[in-house]
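J.: The listed protein sequences correspond, in order, to chains A and B.
Sequential numbering of the first sequence, starting at 5, is according to the numbering used here.
Sequential numbering of the second sequence, starting at 20, is according to the numbering used here.
Certain hints may be false.
[What the hints assert, rightly or not] Anything over 10 Å on all C-beta distances counts as not near chain A; from chain B, calculated:
| hint | residue |
| --- | --- |
| 1 | Gln82 |
| 2 | Ala108 |
| 3 | Lys113 |
| 4 | Lys193 |
[What the hints assert, rightly or not] Far from chain B by the CB rule (all over 12 Å, computed), these chain A residues:
| hint | residue |
| --- | --- |
| 5 | Asn42 |
| 6 | Ser47 |
| 7 | Leu49 |
| 8 | Thr101 |
[What the hints assert, rightly or not] For each label pair, taking beta carbons as the anchor points, the in silico distance ranges come out as:
| hint | chain 1 | residue 1 | chain 2 | residue 2 | range |
| --- | --- | --- | --- | --- | --- |
| 9 | B | Ile79 | A | Pro12 | 30 to 40 Å |
| 10 | A | Asp82 | B | Arg38 | 53 to 63 Å |
| 11 | A | Glu98 | B | Asp207 | 24 to 34 Å |
Since the hints were derived computationally from the structure, they do not count as laboratory data.
Note that CB positions come from ideal geometry on N, CA and C, so glycine has one too.
Each chain, letter by letter, is given below.
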Amino acid sequence: MPKKKYKPNILRKLARSDKWQFLYSRAKEIGSIELFKNKNEFSELQIEFMRWLQVYNSLYVDLAMKEPHITEEVIEDDILCDAYLLWRSKKKDENKTGSQKDASEVTGIPSVRFK
Amino acid sequence: MKNREELAKEYAEKVQEIREMTDMEEMVFDNKIEFDYKDKKYRVRKPTYRELKEIEEQKIKKQMELLQKTDENGNHIYLFEEQLIEKYADLGIKIKEIQDEMSGILYKTEDLMLKLAVTNSVSDREKLRNMILALRERHAELAMKKADYLSNSIENQIQEFSIMFTLFLVLEEKVEDKWNRVFSLYEDMINSEDTDVIDRGLYFLMKLMHYA
Numbered sequence: 005m006p007k008k009k010y011k012p013n014i015l016r017k018l019a020r021s022d023k024w025q026f027l028y029s030r031a032k033e034i035g036s037i038e039l040f041k042n043k044n045e046f047s048e049l050q051i052e053f054m055r056w057l058q059v060y061n062s063l064y065v066d067l068a069m070k071e072p073h074i075t076e077e078v079i080e081d082d083i084l085c086d087a088y089l090l091w092r093s094k095k096k097d098e099n100k101t102g103s104q105k106d107a108s109e110v111t112g113i114p115s116v117r118f119k
Numbered sequence: 020m021k022n023r024e025e026l027a028k029e030y031a032e033k034v035q036e037i038r039e040m041t042d043m044e045e046m047v048f049d050n051k052i053e054f055d056y057k058d059k060k061y062r063v064r065k066p067t068y069r070e071l072k073e074i075e076e077q078k079i080k081k082q083m084e085l086l087q088k089t090d091e092n093g094n095h096i097y098l099f100e101e102q103l104i105e106k107y108a109d110l111g112i113k114i115k116e117i118q119d120e121m122s123g124i125l126y127k128t129e130d131l132m133l134k135l136a137v138t139n140s141v142s143d144r145e146k147l148r149n150m151i152l153a154l155r156e157r158h159a160e161l162a163m164k165k166a167d168y169l170s171n172s173i174e175n176q177i178q179e180f181s182i183m184f185t186l187f188l189v190l191e192e193k194v195e196d197k198w199n200r201v202f203s204l205y206e207d208m209i210n211s212e213d214t215d216v217i218d219r220g221l222y223f224l225m226k227l228m229h230y231a
């Protein structure tokens with residue numbers, strides 16, 4: 005089956021690039037590296053970009069930790085990446101619910117969830 | 020093996036992508052983007068707080084104007100989305116059905132994505148990927164259809180006005196090392212025959228404000 009083409013999201017492509025991932029990691033470690041010309045009053049675009057920097061950073065961590073279902077191909081492909089992110093968030097939710105259930109079984113005290 | 024035409028197309032796409040990446044990087048770095056048009060330098064920048072306040076004030080004015088507009092029989096010309104949806108329903112056009120189909124597509128897509136995330140088979144992966152893309156295309160089609168029906172709603176008119184008014188404030192041209200507004204009045208921009216520079220400015224503004 006031929007691979008259907010789609011236009012990749014340029015902001016995401018930029019955020020996962022080696023250059024920006026390197027800058028983001030250094031900025032997190034050192035703190036004095038500024039990613040943008042402005043130090044405050046970030047635009048919607050910059051906030052969205054920072055969100056993607058963080059997301060891709062976490063994906064590279066997953067890759068390094070050899071987490072299941074994550075590969076370079078997944079990171080490079082927006083569709084595969086979205087699928088992995090959704091699966092990861094569902095898994096985290098399940099784990100959270102599971103551990104809450106376990107705790108209530110052990111203590112006998114029903115857990116209360118605040119929304 | 021790819022033929023010369025296919026290779027040329029691929030090359031052009033790659034060049035375009037690099038250009039878009041460079042533009043995006045420039046915008047992300049300092050919230051501005053410069054572009055050339057007819058031997059002049061133009062730029063679009065992020066609005067200041069004062070300008071954002073002005074946009075909000077103008078939006079309220081526009082809303083009042085739209086709310087008060089009536090035809091010769093005293094009927095309101097502009098309606099809110101919810102009212103328009105009801106009017107369309109009376110004419111047999113069910114926008115609710117479009118919305119329901121869109122929600123259904125989102126559920127289906129999520130289900131396929133969860134399958135795609137864990138599949139190891141290359142053929143299944145391609146199949147699922149293509150199905151997701153087809154669903155996304157259908158979703159975009161429906162969103163466009165819905166937007167067309169509701170394009171004259173008060174909400175949409177205000178949104179459009181807000182984008183154009185923002186452009187009027189932040190579209191600048193370089194004159195002797197100084198950046199000046201291209202149009203001194205909003206009406207000048209709206210009535211301008213030189214739509215190319217407006218379209219280009221609009222393209223970058225949509226990216227900068229993350230509307231698109």
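J.: Taking the hints in turn, state whether each one holds.
T.: Structure-based check of all given hints:
1. Gln82: Label holds. Min Cβ-Cβ 22 Å, cutoff 10 Å.
2. Ala108: holds (34 Å)
3. Lys113: At about 30 Å from chain A, Lys113/B clears the 10 Å cut-off, so the statement holds.
4. Lys193: Label holds. Min Cβ-Cβ 18 Å, cutoff 10 Å.
5. Asn42: violated (7 Å)
6. Ser47: About 5 Å separates Ser47/A from the closest Cβ of chain B, which leaves it inside 12 Å; violated.
7. Leu49: It is violated; Leu49/A is separated from chain B by about 5 Å at its closest Cβ, not greater than 12 Å.
8. Thr101: holds (16 Å)
9. Ile79/B - Pro12/A: 30 to 40 Å: holds (39 Å)
10. Asp82/A - Arg38/B: 53 to 63 Å: violated (19 Å)
11. Glu98/A - Asp207/B: 24 to 34 Å: At roughly 58 Å between Cβ atoms, Asp207/B and Glu98/A fall outside 24 to 34 Å, so the hint is violated.
This entry does not satisfy hints 5, 6, 7, 10 and 11, going by the numbered hints stated previously.
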